[in-house]
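Protein sequence lines correspond, in order, to chains Z and F. Take the first sequence: its position 56, counted from the start at 1, is 36 in this note's numbering, and no numbers get skipped. Take the second sequence: its position 73, counted from the start at 1, is 102 in this note's numbering, and no numbers get skipped.
Calculated from the structure, these hints are not laboratory results. Note that this is a predicted model, so its numbers are computed, not measured. Even glycine gets a Cβ: it sits at the ideal position worked out from N, Cα and C. Mixed in with the good hints, there may be bad ones.
[Said to hold, decoys possible] Distance condition first, Cα-Cα at most 27 Å in a straight line; then the derived DSS-like pairs of lysine-lysine:
hint, chain 1, residue 1, chain 2, residue 2
1, Z, LYS25, F, LYS33
2, Z, LYS34, Z, LYS71
3, Z, LYS34, F, LYS81
4, Z, LYS25, F, LYS89
5, F, LYS32, F, LYS71
6, F, LYS101, F, LYS33
7, F, LYS99, F, LYS71
8, F, LYS32, Z, LYS25
9, Z, LYS34, F, LYS33
10, F, LYS40, F, LYS71
11, F, LYS89, Z, LYS73
12, Z, LYS34, F, LYS89
13, F, LYS40, F, LYS101
14, F, LYS40, Z, LYS34
15, F, LYS71, Z, LYS73
16, F, LYS71, Z, LYS25
17, Z, LYS34, F, LYS101
18, Z, LYS71, F, LYS99
19, Z, LYS73, Z, LYS34
20, F, LYS89, F, LYS33
21, F, LYS33, F, LYS81
22, Z, LYS25, F, LYS101
23, Z, LYS73, F, LYS33
24, F, LYS99, F, LYS32
25, Z, LYS25, F, LYS99
26, F, LYS40, F, LYS81
27, Z, LYS73, F, LYS81
28, F, LYS101, Z, LYS71
29, F, LYS33, F, LYS71
30, F, LYS40, F, LYS89
31, F, LYS40, Z, LYS73
[As the list claims (entries may be wrong)] Example chain F residues on the side facing chain Z (calculated, C-beta under 8 Å, incomplete):
hint, residue
32, ASN44
33, ASP46
34, ILE50
35, ILE66
36, ILE70
37, TYR74
38, TYR88
39, ALA91
40, ASN92
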Amino acid sequence: MYLQDESHKSNLQVDQEQGRVMVSINPQMYPLDVIYSAAYSFTNKNYVLIDGEKDIEVIVEIKPMASSGDLEALGREFNNTLLRHQIYNQKSKENAPIRQVLLYRALLTNSPPSPEDITIEDTIGNPASPLPPSRKG
Amino acid sequence: MIKKEGEDTVKLYLNPDFYDIETIRESVESGRLDCTIDIDIKEGYIIRITAKNATIEAYKLANRVLVEMKIKGVV
């Protein structure tokens, strides 16, 4: 259900009179959390309104806080931002198991063993022993 | 969607599919605006705002709701 008549360029509808651009997004392509993330990143310099039907077509209205500027370029920048967030999400999901392993390993490395778990034999010849020198050997 | 009602009054329509009512209430309170909130089954949340630059205040409110939802982890 993309905007397709002549006044629209791809998924963008530029409203020069109102100083805003409407971006039509297919929610099958971009999940809602990606749309929210992209919209959130635009709130710094723009007013953003989300509307539409969440399963069919999401419309994001973007109105720059400063009146000057290229609205079409703004809409295209939003499209790029959507894509960036989508890729980040995908990679984040793909790398989740590796990230877990690395985090687990890092935490394990930094956890010193309790003194009760260390035998004298373990500490002989080990200069990094947590035990005081008097207890060694 | 924002619809002008009069010189200093607008109606801001927020779709319940995308906006959280609790966050809207909190944002309206923290915004200290002259607002009323209605909930319509067809139209969703309708916030009537009376202010000097009512349209811009409506946009600011919508932005604030979105940012708060993100911060709270609602979305």
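Here is what the structure says about each hint:
1. LYS25/Z <-> LYS33/F: This hinted pair holds, its Cα atoms lying about 23 Å apart.
2. LYS34/Z <-> LYS71/Z: holds (24 Å)
3. LYS34/Z <-> LYS81/F: Violated. LYS34/Z to LYS81/F sits at ~33 Å, over the 27 Å cutoff.
4. LYS25/Z <-> LYS89/F: holds (11 Å)
5. LYS32/F <-> LYS71/F: Answer holds: LYS32/F to LYS71/F is near 16 Å, not above 27 Å.
6. LYS101/F <-> LYS33/F: The hint is violated at about 30 Å.
7. LYS99/F <-> LYS71/F: The given pair, whose Cα atoms are some 25 Å apart, holds under the 27 Å limit.
8. LYS32/F <-> LYS25/Z: Holds. LYS32/F to LYS25/Z sits at ~22 Å (cutoff 27 Å).
9. LYS34/Z <-> LYS33/F: Distance of about 25 Å is within 27 Å: holds.
10. LYS40/F <-> LYS71/F: The hint holds at about 15 Å.
11. LYS89/F <-> LYS73/Z: violated (33 Å)
12. LYS34/Z <-> LYS89/F: holds (23 Å)
13. LYS40/F <-> LYS101/F: Answer holds: LYS40/F to LYS101/F is near 25 Å, not above 27 Å.
14. LYS40/F <-> LYS34/Z: With Cα atoms ~22 Å apart, LYS40/F and LYS34/Z stay inside 27 Å; holds.
15. LYS71/F <-> LYS73/Z: violated (36 Å)
16. LYS71/F <-> LYS25/Z: violated (31 Å)
17. LYS34/Z <-> LYS101/F: holds (21 Å)
18. LYS71/Z <-> LYS99/F: holds (21 Å)
19. LYS73/Z <-> LYS34/Z: OK: LYS73/Z and LYS34/Z at ~23 Å, within 27 Å.
20. LYS89/F <-> LYS33/F: Within the cut-off at roughly 15 Å; holds.
21. LYS33/F <-> LYS81/F: Distance ~13 Å between LYS33/F and LYS81/F Cα, so the pair holds.
22. LYS25/Z <-> LYS101/F: This hinted pair holds, its Cα atoms lying about 21 Å apart.
23. LYS73/Z <-> LYS33/F: The hint is violated at about 44 Å.
24. LYS99/F <-> LYS32/F: Within the cut-off at roughly 26 Å; holds.
25. LYS25/Z <-> LYS99/F: holds (17 Å)
26. LYS40/F <-> LYS81/F: holds (14 Å)
27. LYS73/Z <-> LYS81/F: Roughly 47 Å separates the two Cα atoms, so the pair is violated.
28. LYS101/F <-> LYS71/Z: holds (24 Å)
29. LYS33/F <-> LYS71/F: holds (19 Å)
30. LYS40/F <-> LYS89/F: Holds - the C-alpha atoms of LYS89/F and LYS40/F are around 13 Å apart, at most 27 Å.
31. LYS40/F <-> LYS73/Z: Between LYS40/F and LYS73/Z the Cα gap is close to 40 Å, so the pair fails against 27 Å, i.e. violated.
32. ASN44: This interface hint holds because 5 Å falls under the 8 Å limit.
33. ASP46: It holds, given that the least Cβ distance between ASP46/F and chain Z is near 4 Å, below 8 Å.
34. ILE50: At about 15 Å, which exceeds the 8 Å cut-off, the nearest Cβ of chain Z leaves the hint on ILE50/F violated.
35. ILE66: Hint on ILE66/F: violated, closest Cβ of chain Z at ~16 Å, above 8 Å.
36. ILE70: violated (15 Å)
37. TYR74: violated (12 Å)
38. TYR88: With a closest approach of 4 Å, the TYR88/F hint holds.
39. ALA91: Since chain Z brings a Cβ to about 5 Å from ALA91/F, closer than 8 Å, the hint holds.
40. ASN92: This interface hint holds because 5 Å falls under the 8 Å limit.
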